[in-house]
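With these hints in hand, go ahead and build the complete structure from the sequences.
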Amino acid sequence: AQTVTQSQPEMSVQEAETVTLSCTYDTSESDYYLFWYKQPPSRQMILVIRQEAYKQQNATENRFSVNFQKAAKSFSLKISDSQLGDAAMYFCAYGGNDMRFGAGTRLTVKP
Amino acid sequence: NAGVTQTPKFQVLKTGQSMTLQCAQDMNHEYMSWYRQDPGMGLRLIHYSVGAGITDQGEVPNGYNVSRSTTEDFPLRLLSAAPSQTSVYFCASSYVEGDSPLHFGNGTRLTVT
Numbered sequence: 288a289q290t291v292t293q294s295q296p297e298m299s300v301q302e303a304e305t306v307t308l309s310c311t312y313d314t315s316e317s318d319y320y321l322f323w324y325k326q327p328p329s330r331q332m333i334l335v336i337r338q339e340a341y342k343q344q345n346a347t348e349n350r351f352s353v354n355f356q357k358a359a360k361s362f363s364l365k366i367s368d369s370q371l372g373d374a375a376m377y378f379c380a381y382g383g384n385d386m387r388f389g390a391g392t393r394l395t396v397k398p
Numbered sequence: 318n319a320g321v322t323q324t325p326k327f328q329v330l331k332t333g334q335s336m337t338l339q340c341a342q343d344m345n346h347e348y349m350s351w352y353r354q355d356p357g358m359g360l361r362l363i364h365y366s367v368g369a370g371i372t373d374q375g376e377v378p379n380g381y382n383v384s385r386s387t388t389e390d391f392p393l394r395l396l397s398a399a400p401s402q403t404s405v406y407f408c409a410s411s412y413v414e415g416d417s418p419l420h421f422g423n424g425t426r427l428t429v430t
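Residue numbers (the numbering used here), protein chains in the order written: chain A, 288 to 398; chain B, 318 to 430.
Please keep in mind that the hints were generated in silico from the structure rather than gathered at the bench. All C-beta atoms, glycine included, are put in the ideal place defined by N, C-alpha and C. Each hint should be verified, as a subset may be incorrect.
Stated by the list, open to error - Label pairs and their calculated CB-CB ranges:
| # | chain 1 | residue 1 | chain 2 | residue 2 | range |
| --- | --- | --- | --- | --- | --- |
| 1 | A | E297 | B | S401 | 24 to 30 Å |
| 2 | A | N345 | B | T428 | 38 to 44 Å |
| 3 | B | V413 | A | N349 | 35 to 41 Å |
| 4 | A | Q356 | B | S335 | 44 to 50 Å |
| 5 | B | Q374 | A | D368 | 41 to 47 Å |
| 6 | B | S401 | A | N349 | 38 to 44 Å |
| 7 | A | Q344 | B | I371 | 32 to 38 Å |
| 8 | A | S317 | B | F327 | 23 to 29 Å |
| 9 | B | M344 | A | S317 | 26 to 32 Å |
| 10 | B | I371 | A | N354 | 34 to 40 Å |
| 11 | A | L334 | B | T324 | 20 to 26 Å |
| 12 | A | L371 | B | G368 | 39 to 45 Å |
This is how it looks when you write it as structure tokens:
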């Protein structure tokens with residue numbers, strides 16, 4: 288089964304600065320999808336960004352972008368111009384019949 | 318558009334009791350799944366379904382049963398609750414497994430004493 292690893296349990300960033308959250312995964316498949324989800328204190332799970340493995344171009348959604356390194360099986364999330372509302376748990380996920388999640392990274396944004 | 322609706326939001330059970338967590342979606346999604354969230358462990362897949370009448374086990378299926386009699390509903394049953402099942406439970410759905418993002422319910426916080 289695929290595994291997803293987030294090696295940073297907690298991260299902190301100053302408001303308006305940039306932070307990168309790390310994610311690695313293990314798979315033997317060549318075509319797959321990767322996701323980042325955000326979970327604010329409200330507990331709601333919110334999709335942040337999606338990456339298709341067959342696309343070499345890194346996905347971008349406004350201030351959120353990914354660095355997808357297929358050979359290294361790495362999928363990091365960069366948040367630019369961090370805002371107080373970005374404070375949340377962030378989960379990396381590998382898409383498949385049974386979508387697998389990492390353990391999460393808690394992001395704190397300091398004013 | 319209600320999306321994915323989970324009930325109840327909170328539940329306290331005694332060891333050995335049974336209960337059903339309800340999940341319904343109104344987006345005509347074929348794929349539905351149940352996760353549990355525990356501190357430091359992320360979301361772990363309990364069971365999933367790729368369509369009515371089809372279910373399969375995830376990472377942590379023991380102690381849980383599911384059925385999928387309709388496209389809309391995917392209830393999760395705890396037959397004999399144990400303290401180890403204290404967790405937050407999420408139901409999620411999507412159009413097609415794997416490549417579509419999941420739509421999540423708001424979660425159920427379950428405490429087993």
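Structure-based check of each hint:
1. E297/A - S401/B: 24 to 30 Å: At 26 Å between Cβs, range holds.
2. N345/A - T428/B: 38 to 44 Å: Cβ of N345/A to Cβ of T428/B: about 42 Å, so the range 38 to 44 Å holds.
3. V413/B - N349/A: 35 to 41 Å: With a Cβ separation near 26 Å, V413/B and N349/A fall outside 35 to 41 Å, so the hint is violated.
4. Q356/A - S335/B: 44 to 50 Å: Since Q356/A and S335/B have Cβ atoms about 47 Å apart, the given range 44 to 50 Å holds.
5. Q374/B - D368/A: 41 to 47 Å: holds (43 Å)
6. S401/B - N349/A: 38 to 44 Å: For S401/B and N349/A the Cβ distance comes to about 40 Å; the hint holds.
7. Q344/A - I371/B: 32 to 38 Å: holds (35 Å)
8. S317/A - F327/B: 23 to 29 Å: violated (43 Å)
9. M344/B - S317/A: 26 to 32 Å: holds (29 Å)
10. I371/B - N354/A: 34 to 40 Å: holds (37 Å)
11. L334/A - T324/B: 20 to 26 Å: Given a distance of about 23 Å, which is inside 20 to 26 Å, the answer is holds.
12. L371/A - G368/B: 39 to 45 Å: Taking Cβ atoms as reference, L371/A and G368/B lie about 42 Å apart, which means the hint holds.
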